[in-house]
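Q: Construct the entire structure; sequences and hints are all you get.
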Amino acid sequence: MNLRLTNKQINIIEKANPFLIVSTIVAFTFGLYFSLLQSPPDYIQGDSMRIMYIHVPSAWFALMAYTILAGSSVLWFITRNPIFSIIARSIAQIGMIFTLISLVTGSIWGKPTWGVWWVWDARLTSMLLLFFLYLAYIFLWQSITNKDLASKISAALAIVGFVNIPIIKFSVDWWNTLHQPATISKLSSPSIDISMMVPLFIMTLATFLFLVTVFFIRLRIEILDNKILRIREVK
Amino acid sequence: MTDTVKKRLIKFLVSLIIFGIAILIIVYNLRDNIVYFYSPSEIIENNQTGSQIVRLGGLVESESVVSDGDSIFHFKITDGQEQISVKYQGILPNLFAEEKGVVVEGIYMNDGRFIANKVLAKHDENYMPPEVIKSLKETGKWQE
Chain W
1 MNLRLTNKQI
11 NIIEKANPFL
21 IVSTIVAFTF
31 GLYFSLLQSP
41 PDYIQGDSMR
51 IMYIHVPSAW
61 FALMAYTILA
71 GSSVLWFITR
81 NPIFSIIARS
91 IAQIGMIFTL
101 ISLVTGSIWG
111 KPTWGVWWVW
121 DARLTSMLLL
131 FFLYLAYIFL
141 WQSITNKDLA
151 SKISAALAIV
161 GFVNIPIIKF
171 SVDWWNTLHQ
181 PATISKLSSP
191 SIDISMMVPL
201 FIMTLATFLF
211 LVTVFFIRLR
221 IEILDNKILR
231 IREVK
Chain H
1 MTDTVKKRLI
11 KFLVSLIIFG
21 IAILIIVYNL
31 RDNIVYFYSP
41 SEIIENNQTG
51 SQIVRLGGLV
61 ESESVVSDGD
71 SIFHFKITDG
81 QEQISVKYQG
91 ILPNLFAEEK
101 GVVVEGIYMN
111 DGRFIANKVL
121 AKHDENYMPP
131 EVIKSLKETG
141 KWQE
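Listed in order, the protein sequences are those of chains W and H.
Residues in the first sequence are numbered from 1 upward in steps of one, following our numbering.
Residues in the second sequence are numbered from 1 upward in steps of one, following our numbering.
Check before you lean on any hint, since a few could be wrong.
Unchecked claim - Computed, partial: chain W to chain H, Cβ under 10 Å:
(1) Gln9
(2) Val74
(3) Ile78
(4) Arg80
(5) Val160
(6) Val172
To be verified - Distance condition first, Cα-Cα at most 30 Å in a straight line; then the derived DSSO-like pairs of lysine-lysine:
(7) H:Lys100 to W:Lys169
(8) H:Lys7 to W:Lys147
(9) W:Lys111 to H:Lys118
(10) W:Lys227 to H:Lys7
(11) W:Lys152 to W:Lys8
(12) W:Lys111 to H:Lys76
(13) W:Lys111 to H:Lys87
(14) W:Lys147 to H:Lys11
(15) H:Lys134 to W:Lys111
(16) H:Lys6 to W:Lys227
(17) H:Lys76 to H:Lys134
(18) H:Lys7 to W:Lys152
(19) H:Lys11 to W:Lys169
(20) W:Lys152 to H:Lys137
(21) W:Lys169 to H:Lys118
(22) W:Lys147 to H:Lys6
(23) H:Lys100 to H:Lys87
(24) H:Lys137 to W:Lys111
(25) W:Lys152 to H:Lys11
(26) W:Lys111 to H:Lys100
(27) W:Lys152 to W:Lys227
Since the hints were derived computationally from the structure, they do not count as laboratory data.
Note that beta-carbon positions come from the ideal geometry of N, C-alpha and C, so glycine has one too.
A: As structure tokens, this is what we get:
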């Protein structure tokens, strides 16, 4: 099993970039138009609920990015194929930024809704822990000069930290939290009106395109970085 | 799959199982400490009176909010079974309303009253435009 990317595949990643950037901008234009202008305010929260259109997709992809990070770390541990380590490093910073966005937007929403910027309930605390896990992962890789060792330690951290993901997801169901339970979990009757679901869906798509765009850019950088490391090792 | 890969896979799975069991034990034992607030029934049952600061959460009982000036509020928090009277001096959050979720932080007194020094409005998972709520209420399909 050799999954090392060929130059041809790297070229495809490079060529996809302009299309991804354009489609991200188009999706965000539609998404922001629908979520800020074309959708109604909430019956209790008023206009402050519009923060949800950024908060919820960011939080979803923060969890998804960590799942990819942990998954590729597992694959790296077992196969030792460098591409999995490269994928893991490429997704980590995006995940960290999404976590930060969801923490900050949640805080801005919390002040007018709950009356406080921050509470130490299970959902918010576990989400803050996710941010620190991302941060630790990135710092570990950068601070250990022996890159073989750095790969091992950071992959171990990523895998161990995955335990936090189900805790974040189910914290609102397992424990009493100030954060409300999931809105879109019940497929039969979601607790959100269709006029608000459509903008949320477009914003989710836009956020996903943004994630893929940044991921491909990061992937190219990490592949080049890896090449430089290998050349140095040979010398 | 080569032998080394197989060996690593087995090692990985074994450590995953051990790690998983450890986490399960920790979470299971921590479950009472992780809750952000207690319901009125739990507070009465555990009799958490005294000087310790606790958080109480539930619905604000309908027609229970009384203000006696100087921004002092009295209201009852219920979970459908038990209810606790709360006294609070300060500014209530905008989303504070009767029959809505609320979490208060303060001290549960020996006489069964709760003196709150912080009131947080708890939002539920429903997102609806005002017109939809209006029509739902008109057709009687909306339950508070």
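Q: Of the hints given before, which are not true for this structure?
A: The structure conflicts with hints 1 and 20, although it agrees with all the remaining ones.
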